[in-house]
Amino acid sequence: MDESTKRLLQRLIRRIPTQMLRTTLDKWGRLTGGQLHSMDFTQSKWALTEKLLAICEENELAVKHITELEMIYIIDNPNQGMWYAFQLMDPEDDAHSVELTQFKEQFKSHLRELIRHVSVKIKKHTDEAVWIRIAWGDTFSRPNHMKPTYVVHSLQTPYVFVTSLTSKQKPLLSQALVLSTRYQAIKDANLSGRKLTAIRDLLMRQYHQVFPTRYPTPLAENNPAVSNQHIEKEQAESAANRLQAACEAFGGGMLPQLQSAVYKLETKFRDHSNKTMTEREEPFRCVVKFASTNLLESLRHCASSGIASTPVTPLLSSIPLKGKNYFVITDNGPGPSSQMRQPQK
Amino acid sequence: MSLLKPFSKLPGLCTANILLVESEEQFQQSLADALVEETAVTVNVRLAKSLPLPMENEESRPRIDLVVFIINLTSELSFQSAEASLKYLDPGYFLGKVCFMVTNARNASVPTERLDAVRKLAASLNCPLLFAEDQTPDGVTNATERLLTILKVAAGLVPMATALYLSNLTRCTVPPDIDQPSFD
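So the protein lines, in turn, are chains Z and H.
Per the numbering used here, the very first residue in the first sequence carries number 1; after that it's consecutive.
Per the numbering used here, the very first residue in the second sequence carries number 1; after that it's consecutive.
The hints are simulated quantities; they were obtained by calculation from the structure and are not laboratory data.
Worth double-checking, as some hints may not be accurate.
[What the hints assert, rightly or not] Non-contacting residues of chain Z with respect to chain H, defined by C-beta distances greater than 12 Å in every case (computed):
1) Glu-3
2) Asp-93
3) Leu-100
4) Leu-114
5) Gln-206
6) Gln-209
7) Val-210
8) Arg-280
[Claimed, not checked] Footprint (simulated), chain H over chain Z, 3 or more residues, beta carbon under 8 Å:
9) 78-86
10) 230-241
Values in this document were obtained by computation on a predicted structure and should not be read as measured data.
Idealized CB from N, CA, C, for every residue including glycine.
The following block holds chain H by itself, in its conformation from the complex (with noise of 0.2 Å):
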């Protein structure tokens, strides 16, 4: 079992590295698409199914400033794939460099639990929770945006800004009656 570590290589100058972490592989390559057309930064994309990552790329593969796992809620397996992903990712990522980025939770076939679920694992993770719309092309160019932010500040491009800093502010948070029945 290979840990992925933040800190285990050098960062490159005024690039960002980005690992996009999804079981289906649909989104994660319209993400990627337009995560490198930024200009002010060099974005490197990794583009993965699931944790571990292959250890004879472990020479090539930069340092990983973000890592994000992309949750279809609309599938079960998508969900577990991300859970049992988490394991394989040093606990020093856990510090502002994961992020969990939920798609089609306007699905009405979507149970509430599975969103309830992500919701609690990203909080007991201190992790922000993104919802993205994967279908539309403004959806993929806004959640683009919110990425690009969330990873300058975690590769160290925004002067007084770090990533643990932005976490705090931004991490998932559960309401404390989750688990009470709703009345209405």
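With the rest of the complex left out, here is chain Z (with noise of 0.2 Å):
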């Protein structure tokens, strides 16, 4: 093992929980059963890296190795740093037949054909998943591993998530994924988050959705806590109108978690009182960003609680309906009612 290797490792078990060392270890499998048993997982950080440095030297463990341990604990928690989707458009028609072994060989080759240093490791997630490692060196360099990019992508769905991209990388990525999955292009499609399972969940509409319906369920049945007779609410069917257009909006029960949406506007300034920042003919760019530990829970409450009012107002609905959470807001046309959403990019 060689000096960058040993970094590697020590900064890898650094960064996983003690708690959840043991497992890892144990799904890794490179270790023998004297060997796991030999490690005393009540010891400092420290001295685990030092004891594991040593089995590794013993069983003569290389940089694949390392980083497979790494993919492992990637997989199992994913929610490190921020995930970005990308969306397949255009598939060709053998798309639907592309199979896991043939899109590594093809993902690897296509890659290898742009950039001469990389190192790819790719693994099969029990959930259909693809998860793809890539480490990116450049012309002189060999491949960085510190920094590597993952990949995610679930074979026949149009939809990649990507973390820690470069924008140098991104276009390499971009045109092996293309290649390799036999679509035609790829583009952004908007949406960021710290969750992987939330903006997969969002943009494959794996969450609850409530839809408009005619017979709407009794009240008694979503809330059974209101029970004491001597409390009653006067407007509770308000209440349960407004409940039902929030949840229509935003989906009902456990919403994905997204941390922000971010809405770009060049749209022109309006405002009778104001007339020097009216008659501009640039538009007039702000940028307005919601943040919350789960944006469409607050939004949903917002709107379920009259905050808000209701029906929701298309900006904010469109977060869950289109699966985006930036967009960028122009001018549609000249009249001032006429103001379109368009989003771009």
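Reassemble the complex: the two chains are provided individually, in unrelated frames, and hints are given to aid placement.
And the structure:
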């Protein structure tokens, strides 16, 4: 093991919490039962790292084995860093018949054609998603395993999720992905968040959606907590209507956890009392950002408690509807009433 | 527009009815749960987001003895909603059967003007202004006790005391120099 491999292992062990270390090493399966037993997990991280380094030395493990361990840890704990969603466009005829081995080979060979020094590792997770770990190098340097890019793609779906990708590497990855998945183009889906599962659920519509019905469910069924006969809500019906409208807009039950929504406004300034600004030719640029630990939940609460009026404005309800949290709003047409939203990019 | 009237219905035996109006519908729920615990009299609680109350409940609604407007000082909307609701009350209520309850007054982000506005509002209507803590169970119990005291008088369950008499003693007054800029 050379110096950089040791550093990689040290850093990795530092990142894994002590209580998870044992199960992660178990899954890794590179240590024999005796070696696992000889490790005392009550010791400090530093002592554990030293011990593990000695064992790895003994087993003659190389970089690729260490990256395997890292992948196992990341797959189990994907909610680190920002994940960005991309959407594949225009499938070719055989796009639906791409299978794992073919995809693996294709992706690796396409990426190697574009850039010489790159280390790719592909692993299939139990939930059908393919996890790709890419360590990038450049023309003169070897792949840097300290800053790998992770790509998650479920075959036969048009969505790809990427974390820690620099703008320099983006075209390379895009091209390799497009070619190996048999699509024709890839575009930014304008959705990002800290939770991989959340943005995946949002894009693939895997959350509890509520649809308008002519026969709404009886209120008693929805909140069984209201029991005391001495307490009565005067406006229970309108509250139920608001809740229904809010759930129709944002979904019911547990919602995917989004952290932010950004609206970039490029519209003309309109205010009759401020003539100088209104008469300006160029659009008034500003950015509106909503941030919360669970943005959709907050918005639903705003609507259901009446802080925001219902029906919910399409600006907010298009977050779950279109699966985006980055919008560019521009003017369409000259009249002040024809203000249209047009998400771009 | 339907006015809520204080004497349009007959009172029940040993019952007191209170109406809690709060635009955010958070604190009123915990208050209501605490209020109905009272054993000496039967307390009926009606919860509303704002006034006017819907017509279809007119029949089932008992005589309301006390109307409480809960205002969350951190939200301008809460104050505006309470202010807008006031005009749906019969003037008879303002003879001691209305009180204001303010929450979050200790919050640092509250502009002082808003508290002044609430005080002026309460003073102009000759209503008591109560301050409550809505985050702690102790605060809820405390607020409940104070409301119950007023409610029992307003419902006519306390001999020798009337709502009008009590409100003369408890109504909010505004110091004459409230509009003066402070010098500290």
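Under the constraints set out in the numbered hints, which ones does this structure not fulfil?
9
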